[in-house]
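In the order they appear, the protein sequences are chains Z and R.
Just so we're aligned: 380 in our numbering is position 380 of the first sequence, and the numbers increase by one with no gaps anywhere.
Just so we're aligned: 113 in our numbering is position 113 of the second sequence, and the numbers increase by one with no gaps anywhere.
Don't take every hint at face value.
Examples of chain Z residues toward chain R, derived with CB under 8 Å [to be verified]: (1) Leu20; (2) Arg60; (3) Asn194.
Note that these hints are calculated values from the structure, not bench results.
All C-beta atoms in this analysis are idealised placements derived from N, C-alpha and C, irrespective of residue type, glycine included.
Read off the chains here:
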Amino acid sequence: MTHQSSIPDSLLDEVQSLTLACLSGEAPPEQAARLDSLVCADDDARSVYLRVVLDSMALRDWSGSSTVRPAPEPAPTPEMPQADPSGFFPALWNSLPSVLDGRTPRATFWMLFIPVAAVFFGSFGWLVWSSMPGPRVAEEEKIRLDVETWSAELTYADRAIWAGGLETYPKQGRVYYPGDQLDLQSGLAEITFNDGAQIVLEGPCQVTLQGTSAARLQRGKLAAKVEKDTAQGFVIDTPFGTVTDLGTEFGVEVTEETIDVGVYRGKVSMAVAASGEVVHLTAGETARADRQGNVTSGSGQPERLAIVREIRRPAPPATPARPPHSANGAIIVTTLKSGSPPTVSSSDLAQTQYLSSSGTGGDDASSKHADLFSGAIGNKNGSAADPGEVRLDNTNTITVNFDISTNTLGYDITRIDSYFGWNPEGGGRSNQGYEIILTFVDDTTASLAGPQHWEPNSPASYWTTVSFTASGGGTLNSNTVNLNGGGAVAGTSVLASGVKAITFDMTEDANAGGFVVAREFDIFGAPTAIPEPDSQEPSESNEEPGGDSGRGDSGQTEGRSVHSVGKSVRPVRPDDTSNHGPGGNASGLGEAPVRGAGLPDLSGALVPRQALNCGCAAGVLPVQCVEAKRPTTLARCQWHPSATPAQQTTT
Amino acid sequence: MLATHERRLNYYVLALVPHWADAEDVIQQTKLRLWEQFPSYDPTKDFGAWACTIAHYEILSLRTRAGRARVEFSQQFIERVAEAIPRAIEERDGRLNKLRACLQKLTDWQRDLLQRCCVADDSVTQVARELNRKVDSTRKALLRIRHRLYRCMEGLHKGERS
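Chain R extracted, bound-state conformation:
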């Protein structure tokens, strides 16, 4: 149950702040805030919802602090996405199962590249250097793998190709 809250919080933040570094800051800030404000938490309420509410304020404050955010998204974006998140969370488990299955369908080098590139925000550049490849072509290869993975997970057969 508690693990679920953590996942939900992380996902909530990343979906509203689609930028790894920003989102991580928000999450850390939120956790600290949660910890500070825990005495005011009403135990009869949903903990995860409470955490997300606090995260929401952190996100808004990230936006208002001038120049703080590295990527800016509109207020409308935040509202629309926030209301769609609960449904996305519902399909999470099924999606993770599919992800595991579809990772298996990748070839070894595709998985390897994916794994290297997903480690951190700036991995692609570094991975390209490690592999002695052009950054651009590495990025394209990565994108292609992600497209393939996505299509596989959606059961779209076109994902086998392209």
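Chain Z with its partners taken away, still in its complex shape:
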């Protein structure tokens, strides 16, 4: 990073653009040659190039994880009943006599190669897919984007208040479509167009978006910044003239009678509405046109127009380092509602490591707070004698303390589920709004903004479930809330580690009709481990940390699937899993191939085709061939749903 900052922006952008064009195969020979010479000649360019390649690999894996592996229905999962691990390699081994002919070196290589390929199932595997569940949750967003074509987005707002038909307080990242009328009453807002132009509006200001690189300024002030090569031809239309950018930064102010244009950088042209005259302006110049088409060149610097050119971002708050027990900043909250009581876990940390619980408020005796960590949903109303529910409003907090007498480092929290609902009594009261406060073993705390799950017209029988899972990135859909845009714990599904207590602090949204009814909190995780020097093998070969990939949705109507938990958590008991196999294939296939437990996972692996030919044809490999991306010597594998490691023939 030290020498990075000295690289001119133009070089940085050029190298990046050229690299991306080459990678995708879109670069004509002269662009490839240009990249070649830049990279050869300049150390900085070379280092930018290498980083862009690195990033592209990582991004491809991140993005491709959903297509390579669309939460396959018949895939066995780590919590399948354990079988003898030794059964696998012999089967693989015996199936390949012709290719391997029993020679030790090859055997070793084969065993080396497969687990590697399995972890990085694409040729360009890089990030462990499951740590970035973004692609899976992006479905709804995609559908929405497919029907409409957005034009621009709100990229920053400072004390902005909006009027008109759109929201008063749109969230940053709000997407606008052509024709949207932005009526900024006061404050500042930055809008970034899809083609790259950026405008800063200063209220009061009325702008209508006209596409991906045009807008009409009806009234007010705006500053536009258009980077060269990105969005030249950006147009600001006004009642008195049309300003066309020619790669520049400029300001426009429209009043009742006039338009003022000032150019900070580059050039613009202004076509005067009344006369059709075209005025060219360059940096440092201003001009005014009026309703009648009279043009006067400006009397001074464009700065005199006093247009806000840029919104200053507040400095990011300093985040104190908390190495041994940090909270993962990127959290995904998934909310579900269902008409039948959800299935809750009876073997999560809130039971296995339960020490005590406490709480305030509600209409219940404090001892009742323990019911929220009981491992059962409960089925009664709030009378003091009946366990199962706790009435809460926004003044209340609920805390669970874990037993750290043995696990003195506290716990890695991988997932938190909360279940609310007032069933079968009144129904409703299922809104979930709380903040999570984590207390670490050294008594420091961190808080995570919680769900704001609002069910205004919740049918009587609705239950709501909120799941927190960690995410390293990804797209969030409307059912998910990106809570903290901070850094994630690399390669893990751990929300926070070193935790000894969790407090749920009810927020405003918890006041549905006076109170909400909490029924159960499930907290998944495992004792925080002493860091090991090389723990790559177990953590990466285990499938689906976080446990809910592809399964969260299936629980929508019929309660939840069993929760599998993070990577290092003890195995879920067989009786928990028996009737909840993902995809429903588990019941008939008790002896389905086992993954995890250090066994190689061939799914998605690239293996020599001849190996597959004999293996698949004979039905002895627990894999089936799927077509390789292009006809080459390697093929991709997929678990054969009915194959077993030890069987020699399929029936």
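Once you've looked at the hints, dock chain R against the given chain Z.
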């Protein structure tokens, strides 16, 4: 350790053959070659280095086969880049962490677009069609996102804008 070898191989090849389709061919070819030649591998040597050596030969052979490569880079390019790769690999982990963090800073639609477009070589055209956008503007939007991401990862504040 083994996963590291695979990553290293993939990166090595892609850095020297910056073209997804070509690189994938080379990698597949290399893997087959590795498998064939494994008996000659000296276990006392670094496996990853051995794999990269074999990949290097595959890359050179890709270049010499006339019309085989879709993009041609100079011999000098290959040498210069190859010698810079070890250092780039050293900063990989830190970079991935930054990438995760910076992906979070993108807006939903930016992430969505990025995700769609990174899936395959020819995604942009297809994504543009899916989204009913012009290919050109989609490509520009994508480029802008990548620029922003890069700047974010480098800690350059300008990345917040532009």
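Going down the list of hints, with the structure as the test:
1. Leu20: 6 Å, holds
2. Arg60: 5 Å, holds
3. Asn194: 5 Å, holds
Of the numbered hints listed earlier, not one is contradicted by the structure.
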